[in-house]
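K.L.:
Chains as they are written, first to last, in this note's numbering: chain A, 50 to 299; chain B, 36 to 503; chain C, 357 to 773.
For the record, the hints were derived by calculation from the structure and aren't laboratory data.
Cβ atoms here follow ideal geometry from the backbone N, Cα and C, with glycine treated the same way.
Wrong hints could be hidden among the right ones.
[To be verified] With beta-carbon atoms standing in for the labels, derived distance ranges: (1) A:Arg189 x B:Lys89: 55 to 63 Å; (2) A:Asp64 x C:Lys710: 24 to 32 Å; (3) A:Arg189 x B:Gly406: 29 to 37 Å; (4) A:Tyr253 x C:Lys710: 28 to 36 Å; (5) A:Gly194 x B:Pro401: 32 to 40 Å; (6) B:Gly360 x A:Leu158: 33 to 41 Å; (7) C:Gly501 x A:Glu63: 41 to 49 Å; (8) A:Val106 x C:Gly501: 43 to 51 Å; (9) A:Val167 x B:Gly406: 30 to 38 Å; (10) A:Asp64 x C:Met473: 37 to 45 Å; (11) B:Pro401 x C:Gly501: 53 to 61 Å; (12) B:Asp114 x C:Pro389: 30 to 38 Å.
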Amino acid sequence: MNSLKIENLQASIEDKAILHGLSLEIPKGEVHAIMGPNGSGKSTLAKVLSGHPSYKVDGGSATLDEENILGLEPDEISRLGLFLAFQYPMEVPGVTIANFIRAARNARLPEGEKVKAVDFYKELYEHMDDLGMDRKFTARSLNDGFSGGEKKRCEILQMSMLSPKYCILDETDSGLDIDALRVVSEGVNRMRNPDRGILVITHYQRLLEYIVPDYVHVMSEGKIVRTGGKELALELEERGYDWIKQEAVA
Amino acid sequence: MISPSQVEVDRDKGNFHYDTDYSFDAGIGLSEDVIRYISEVKEEDPWVLDFRLKALKTFEKKPMPTHWATEDLKNINFDVIRYYLAKGQKPSRTWDEVPDDVKNTFERLGIPEQERKFLAGVEAQFDSEAAYSRMNEELEKEGVIFVGSTEGLKEHPEIFRKWFGKVIPTSDNKFSALNSAVFSGGSFIYIPPGVKLAQPLQAYFRINAENFGQFERTLIIADEGSEVMYMEGCTAPKFETSTLHSAVVELVALKGAKIQYVTVQNWSNNVFNLVTKRALAEEEAEVRWIDCNIGSRLTMKYPGVILRGRKARGEVVSIALANDGQHQDTGAKMVHAADETSSNVVSKSISIGEGRSSYRGLVQMPGHLKGCKNNTECDALLINNNSQTDTYPAITVQGDANSVQHEASVSKVSAEQIFYMQQRGLGEAEAMSLCVNGFVNDLIREFPMEYSVELKRLIDLEMEGSVG
Amino acid sequence: MSLETISPASMDTFSLSQPHTFNEFAESRSWEPGWLADYRHDCWEKFASLPKRILKDERWRFSPRTRFGFDQISGLSLPKESLTLAVPSLSDGLSIDLFDQLLLEEPHALTLLTKLMGPDLGADDYSFLTGAFAQTGFLLRANKGVAGVSPIIIEHQEPEAGQIAFHHNLIVLEANTEVTIVERFVGQANNPGGCISNLLKVQLGEGARLNRIVIQECSSKATIVQMENFNIGKNAYLNSTNLHLGGSQSRIESKGILKEPGAHFEYGSVFLGNEEQLFDQRTIQVHEAPHCTSNLLCKNALRKEAKSIFSGLIKVDEEAQHTDAYQTNRNLLLSSEAEADSLPGLEILANEVKCSHGATTSRIDPQELFYLHSRGISKVEAEKLIALGFLSESLLNIDHQETRDTALNALADAFSS
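With the rest of the complex left out, here is chain A:
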């Protein structure tokens, strides 16, 4: 089945276990949200699925359209079609946005082939216009000196340009004012389609007013402890996370 499927995933960093047997399946065409308190392991899940070298997988499986992704290099996982929009996008001085995205696109082509500059820029500018980004941005260094909102827009721009099969948005709403949140959410919503699965990781319900999920999962202590529809997010907003934790313990 075409999905991002995670089964009983266990992972640790520096011998500290963070994920304790997490299972989750995101079929193509659906938008899932993971909510949870700080330290519940949400960001770890995103990093582990992307192959971050600091994390160690201790058990379980993760597949992308039935292909294993655990143990692969981050760039291999990316080329298989998984995109992670970072909570804190890295600054890379001197490397322009345009050149970076172009290099990433070229990396997806057979060796020796390259994207045509004219087509590439046309497409890039269209996406930038959609995201309300000034075209001058293409010549700026990747995330270097960007504001929080600019960084997040730049993440969505990369996501649109690389058309991944599955997207994970890690706390994309953090550090955004209401206008930026709207623009970024519209960008994500434009990418919703039957051939793409999206996982939104967030701490607050606010983002889910703009990107309305099909399912909401609650994560606590490295596991999914509850799954429901979008109304679950509202319930969490009202009642906080404690009752979930208590239920989970009970």
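Since the structure of chain A is provided, determine the placement of chains B and C on it from the hints.
P.N.:
This is chains B and C only, laid out in the frame that chain A set:
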């Protein structure tokens, strides 16, 4: 403009050599006889021979500068070097006349092709003498002179003798003295007043023989209001034993003149590259040294500008890349000697593996001057755990009417940056290369297009195998 | 001969370059323990075998070294007057003693002095001579866990003209201690110029904290050589804030060695130069261990023909990953004949580091001056205000209020003179 993909480059491009018969060979080691031989073969005027012989004495007296420089200098054995090797003293004016082995060398290096495409003049030096030298005929009519050192001193003494050895005195350092004793080849250039060259002049310096020392001598005089860009490239094959390259380059920018001097050095790892480069800038003149140092075992090079006229400007833009077994010891000297002069130094170095990059700077502003400014930035990037970088600037400012600012930083490419780029689908090595190119990107733009493309690829090739 | 040692008069041909000077001195100290006699002798030998004239010593670059010669020195100062202490009531386990006194009561406590190194940044002659001739100094010790409340005041007295005072000092703080000291260098305003050679060795144990404030107000003719070596242990913290005002010529050598993870070295220096004052400062931040931080800020404001030399180096060893090290030198030139030389250096052998240095030399911003001018402040007064603001940055960080006020007042007074 040519398209980038047409420029063929390779870090190993220079690693080949042809067995060549030399008609003129000064033998092994350095002595008064060797100098007399060189001077005689070149049919020099007596004053030039005198100049050389005095320089030899100075060279012998001067200690190695190991009180501040690397001890590796002690590994140079002056007694086993061949100081003069040539097939003939007169360069050909057409490539057809150039002997086959020499011509093949330069063709492999792509020189004739570049000449056709974008150069106003070319000189190609093979060991001690230029094998080929030719300049756009129209420029010749305008009075531009572009010849070798021997010809320059013999045919145009009224122009060149006045400045020869004046910007860099023989006794400046041990290696300037050595060069003054045994110099051969190089470019002597004169640009008449108001002449602005639209295209660059280029020299290519090729070492072909083992145990050889190349000592070219360059003197560029840009007369009032003229403009010139000069580019030099250099390669040598990889020999088992070390090779010495020790040039002296003097630039004179008269009132309102502009000189840009571009170097892309890609020496093999056995070359000691000890070069003295200095410019004199008169009133409102501008001198820019644009310098990229890749390869060599040890490079010591601190291009300088003596800002002698009001509002003169000096600039050094340099990129250095030190890989395993290499030490790039480079920097800049800015001597302010007139009011309202300004200087700018931007230096970026990358150390890979056990490579070591050092920056040495000198800025002087005496107290009787007003309105002088210097800005220096040097940034170092360290790639591996065992890479090394040093920064040793020396700044002297007197008086309350001048200002100097120096900043240096050291950084590395972080694992998180690499992960971020990998998450977008780039391989680790490619991500690293992109970061390194990004680090020097703003400086690479200062190089002419043809060179900047070559540079990027050279950097990519140097980066190979540096990760993992 | 008495313990008071030889006075200049007792030796008619006192000269630091003559072996008999040392021999006679050693003889007068024959009552000292053997290990100390050996140490003195060893130091003298090292001094005597120094090359007489080094043409090009990078460690003295830009420095008119002859101003630090020994020709004018005709005798040693009396130790009793040379160093005095003002000690608040101390907690148990915290002690400060004078070298000469300890020599009689507890000589063994001084052995560490002979084992620790000096900063070794160029003034080898002064360093060895101090080892050979020092008769006084202070020894500050804190046992594990002890914290001193009030600052300990140490006063180094500039000797009479022609005399030299050698002070050899030691600070040893054991784990989790905290001490604040104020070292004042003082002299008579009209003294035609004595010489102080002060060598300080510091060792900080795990988690120890030393706050040190130096206020130097010697006579305008004095020669001052300060050599200090700080060995900073695990999670230990050393803050040295220095105000230099007096002296005709000063040579300052400061070395901070970050020996174990978590060590921090904070160094601030302020010099206000006037007339023909020479301020020759050499610093080094040596990162030997990972996860250490150091921060150095040296500011000089120069009037008349004053000259400053700042030579600083950050050295990061191969093992010292995760280093954060900063070095800044700022010079403000207030006259057309003032000169500032700056040699800010880095030697980095680890790659996981954040290191930077900056050096600027400039005059007062004319816009800034104009602004104050336009508010009715005279040019002289405006210059003074701006320069004071420039210099006081480090001093404002002194925690102890009384000491901070003392330093700021001393600086302001120096400006008015």
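K.L.:
Does each hint fit the structure? Answer for all of them.
P.N.:
To see whether the hints hold, each was checked on the structure:
1. A:Arg189 x B:Lys89: 55 to 63 Å: Holds, since arginine 189 of chain A and lysine 89 of chain B (Cβ atoms, about 57 Å apart) stay within the stated range.
2. A:Asp64 x C:Lys710: 24 to 32 Å: holds, 27 Å
3. A:Arg189 x B:Gly406: 29 to 37 Å: For arginine 189 of chain A and glycine 406 of chain B the Cβ distance comes to about 34 Å; the hint holds.
4. A:Tyr253 x C:Lys710: 28 to 36 Å: 33 Å Cβ-Cβ, so the 28 to 36 Å window holds.
5. A:Gly194 x B:Pro401: 32 to 40 Å: holds, 38 Å
6. B:Gly360 x A:Leu158: 33 to 41 Å: Check passed, 37 Å falls within 33 to 41 Å.
7. C:Gly501 x A:Glu63: 41 to 49 Å: violated, 32 Å
8. A:Val106 x C:Gly501: 43 to 51 Å: Holds, since valine 106 of chain A and glycine 501 of chain C (Cβ atoms, about 45 Å apart) stay within the stated range.
9. A:Val167 x B:Gly406: 30 to 38 Å: For glycine 406 of chain B against valine 167 of chain A, whose Cβ atoms are near 49 Å apart, the range 30 to 38 Å is violated.
10. A:Asp64 x C:Met473: 37 to 45 Å: At roughly 40 Å between Cβ atoms, methionine 473 of chain C and aspartate 64 of chain A fall inside 37 to 45 Å, so the hint holds.
11. B:Pro401 x C:Gly501: 53 to 61 Å: holds, 56 Å
12. B:Asp114 x C:Pro389: 30 to 38 Å: 56 Å Cβ-Cβ, so the 30 to 38 Å window is violated.
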